[in-house]
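From just these sequences and the hints, can you work out the full model?
Here are the chains, one letter per residue:
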Amino acid sequence: MNYLRRTLATAGLALASIAAMAGSGQAQDYPTRTITMIVPFAAGGPTDIIARIVTAEMAKTLGQSIIIENVVGAGGTTATTRAARANPDGYTLITGHMGTHAAAVPLYPKLAYHPEKDFEPVALLAGTPILILAKKDFPAKDLKEFVAYVKANTDKMNMAHAGIGSVSYSSCELLSSVLEIKPTGVPFNGTGPAMNALVGGQVDYMCDQIVNAVPQINGGTIKAYAVATPERNPSLPDLPTTIEAGLPKYQVSAWNAIFAPKGTPPAIVAKLNAAAAKALDDENVRKRLLDLGSDIPKADGRTQAALAALVKSEVEKWSAVLKPAM
Amino acid sequence: MGDLFSNLGLGFGVVFQFVQWAPAFLHGMSIPIPINILLCLIGALVGTLVGVLPGIGTIATVAMLLPITFGLPPVGALIMLAGIYYGAQYGGSTTSILVNIPGEASSVVTALDGFQMAKQGRAGPALAIAAIGSFFAGCVATVLIAVLGAPLTKLALAFGPAEYFSLMVLGLIFAVVLAKGSVLKAIAMIVFGLLLSMVGSDIETGAARMSFNVPELADGLGFATVAMGLFGFAEIIRNLDAGGEGDRDLVQEKVTGLMPTRKDMMDSAPAILRGTVLGSILGILPGGGAVIASFAAYTLEKKLSKDPSRFGRGAIEGVAAPESANNAAAQTSFIPLLTLGIPPNAVMALMVGAMTIHGIVPGPQVMQKQPELVWGMIASMWVGNLMLLIINLPLVGIWVRLLRVPYRLMFPSIVIFCCIGIYSVNNAPMDVVLAGIFGLLGYWLIKHDFEPAPLLLGMVLGPLMEENLRRALLISRGDATVFFTRPLSASLMAISAFLLVLALLPSLRKKRDEVFVESES
Amino acid sequence: MSDAPSHVPGESILPGWIKGPQDFFGGLALVAIALFALWASSDLQGMRGFSFGAGTAPRMFGVLLLVLGFAIMVVGAFTEGPKLAVYAWRGPLFVSLAILSFAVSIRPMGMIFSAMASFMIAALGTHETQWKETFIVGVCLTAGCALLFPYALGLPLQMLPAFLNR
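Residue numbers (this note's numbering), protein chains in the order written: chain A, 621 to 946; chain B, 581 to 1101; chain C, 5 to 170.
Keep in mind the hints are simulated off the structure, nothing from the lab.
Dumping the calculated BS3-like pairs for lysine-lysine here, alpha-carbon to alpha-carbon at most 25 Å:
id	chain 1	residue 1	chain 2	residue 2
1	B	K1027	B	K699
2	B	K949	A	K756
3	B	K1027	C	K87
4	A	K943	A	K776
5	C	K23	B	K1027
6	A	K882	A	K898
7	A	K761	A	K869
8	A	K802	A	K771
9	B	K734	A	K755
10	B	K734	A	K843
11	B	K734	A	K756
12	A	K843	B	K949
13	A	K907	B	K949
14	A	K937	A	K730
15	B	K949	B	K734
16	A	K802	A	K943
17	B	K949	A	K755
Here it is, written out as structure tokens:
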């Protein structure tokens, strides 16, 4: 069935490229029609929200609308595979993230794409920092005590995560590898149920994106020990960074970035990169992203080269930490 | 109590907010527009419209329509979403009754008797009682949320993996009881469903199970895909069998009154009441509560009925009870979201997404920090239910008239709508093919007198059961006694055992009678 | 164009000791499905200490289905039951073809073409079809969908064949 699909898709593509040559849509007029942005996760998730906020502004700059197409499945890899095979004409883009364009490489040995070889990096959008969280009666005052306690009681520890391939899974695995421990990982279907179990005290700790955790921390239903970024986060100004709290090796942020299929003309990619950079400078966009607790990359982090370097280093980092899911 | 009224007052104040609309052509005059009511109405209407498209269930509908609310102010967006949610849910029941296609797990049960009623020419009363039951359940649940929301949250938090596993066991027992034929075959169908639910990636290791390297199977079989095949396509294929024509013409001639008779109302009233109570309680439990609510309500009615054999053959209680239960559950499932800020199911997760995009991330303090949002939403639920009643009672006539379309035109149209519906959920052609395969499987099941409903329920409950079992065992480090030592879990297990005995008794007795009959002859 | 069933299973083909063929063969098929599932999940890991492996639950349910299917077979063999039902070929064939054609053509050809084509193929499923009427309804339905999905619901469905779009 797969073979049939692929054959048909190829036939379709062949027809399409002939038509494209005949029409000769050139980069200087780009874009002349609606652009599709694939988001490999469900509507309403952090990646989706960031993609929507930024692309709405990019559409204004580009003068064409950008439709978000949410395609879920297999930790986002289904959608990413589809994007990798899309026509490289700049009309199909994808908002990938730490999972789809880095952690997926070690996790899925049969991955049908490679983040570096099959995509043109377009622009880094925003990242959501990871926090170390624990249930509210966890017996540790600060990160140092937490580390000591978790190391001493590894056998008793239950660490929640949102399923293999999720950001929280990778972040948790990184924490375990930094601390050199092997706690029992308890998988949940998504961050919601995992957070529920943490609030209910059924599990001991987890690592998750800041968006989901801020209201719970402020409400006192869970504890937070540190934020795993170099700088403190404005939405939780009292929370120390892992560097301040004594675990500098634990650095992780769920970055999101726009990618185009390999072979997209450089002029088009440059145009998209400029539009994304302009969107990130917009007052309203910045405010909404900061409200979510996300980091916005500074000017030097917004280039295509910077994104390419990030993907390269992230693929290496996660390949060292994560073992393949069978 | 005073608090309650001031809170509800605040809520309705938000819902009945007027915006002054001063278009240029009125030269300075302005017209007050009840913007939130209007949004709720539009939401309910659009939700119903998408929900009745076979193949698109509640989650898919809400996910598809979510982006249109992004441009609205937060309160308005949420009110509209709530409207979409109820609309979609009701729309799903409409297709279960009219064409035997449940849009989601909780309307599988509605299809059992609802579609039979439609076949007997009583689609009108079935649709109407579903709307009335839902409205009543909605009213009760709204008050319940306002009064008991906060204390009930504790229940949701007390449910750990062990409790969920026990709840799922109870759910499977309900699925056995609801079968109308052989208990053995019903159990086999449930196990078949459980087996099908294993397709996809393993939650703990991520290993692909029985997915044969088909990427569309990597996340398992979608409920809509299987339901569409087993119920929708299979029903169409069966209807096309030679000799089916007479059957179908009969339906078209038999259409009697559109509204329930006095007797229908009398029969349904207690069922609606019981369904509401069950639904309200089970709805609070995140993950699976609402699904179990609808068939728990059905099972209860069947057990309480003087003549259980009517069930599955067009008993109006069999529509009234599960519809009330699933609407009550739909409503109370907001409780964990409103009090804890934790989305209990996929639809609620989408709601959180909608809030997040407006910069509101719900948490335990959302009630104190954003009272107008929370109470506005609670009030809008009630308004949403009212809208549904207003929209749907007149629509009943139109739906029923649709049944008069000759079947030779109707069935290709259903096929097309199903295809587009399934395709649009994930933009995956493979899903459409899978639904077709399940259509053939469903046809085969019908020919061998296997019921598809228990299969579907097994499929829905399977992953929940397995995952929670594994979580519970991981947390307890392999100690299986947790299911019997934790009080909540133990009581659920006890109820399951009791129900199982109750379900098996009649068939055992029958067997014994048969034995006697044979020995006498 | 008569709707003849593909085969009429008479009692004569079946061994006489099967009293309820419907259940007997139903059970047999379930046994086959269970065996297939057991084979398909045989490469998965089993129990690891106290924790379930990926293959534990599928195998558990597979074995259970095997037992139940066998039980149904036995019951079917020894208790008087209905005969095998008659299968029609026309409905299943054309409805399946319609579904398949939609799945194959939706991406390259767009919704308008594939919906219309599937509608006509599905209509072949019954001899009651009157072509003029079916064609008109098909056109109206396709037009309705073309308006409903992208405009009223804002779904990004591709309407026209892909090669016209580029």
